[in-house]
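Q: All chains, please: the whole structure from these sequences, using the hints.
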Amino acid sequence: MRGLHWPDAFPEGDIGLRRAMGGLSPARLRAVAEVWRPWRSYAAQHLWAWLGDPRQPATRST
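As numbered in this note's numbering, residues 1 to 62 make up the sequence shown, in order.
Calculated from the structure, these hints are not laboratory results.
Every value quoted in this text rests on a predicted model; they were computed, and no experiment measured them.
Careful: at least some of the hints might be erroneous.
What the hints assert, rightly or not - Each pair of labels, with its calculated beta carbon distance range:
hint : residue 1 : residue 2 : range
1    : P26       : W6        : 14 to 20 angstroms
2    : W39       : G13       : 30 to 36 angstroms
3    : Y42       : I15       : 18 to 24 angstroms
4    : R28       : H5        : 24 to 30 angstroms
All residues carry an ideal CB built from backbone N, CA and C; glycine is no exception.
A: Right, dumping it as structure tokens:
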């Protein structure tokens, strides 16, 4: 996204982003991410980094 110079790209269907945001549906995630415009790709980068942080507690699947 940064390589393409597209700072507002936001793949709301990405499973990693959905997990980072508590399992929101793509539509709900898109709505929540509206306030991050025009920098949603940077928000996505932060969410993906947060998922990879070993200090984050493990979550259980149901």
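Q: Confirm or reject each hint.
A: Here's how the hints hold up against the structure:
| no. | hint | verdict |
| --- | --- | --- |
| 1 | P26 <-> W6: 14 to 20 angstroms | 19 angstroms, holds |
| 2 | W39 <-> G13: 30 to 36 angstroms | 19 angstroms, violated |
| 3 | Y42 <-> I15: 18 to 24 angstroms | 20 angstroms, holds |
| 4 | R28 <-> H5: 24 to 30 angstroms | 28 angstroms, holds |
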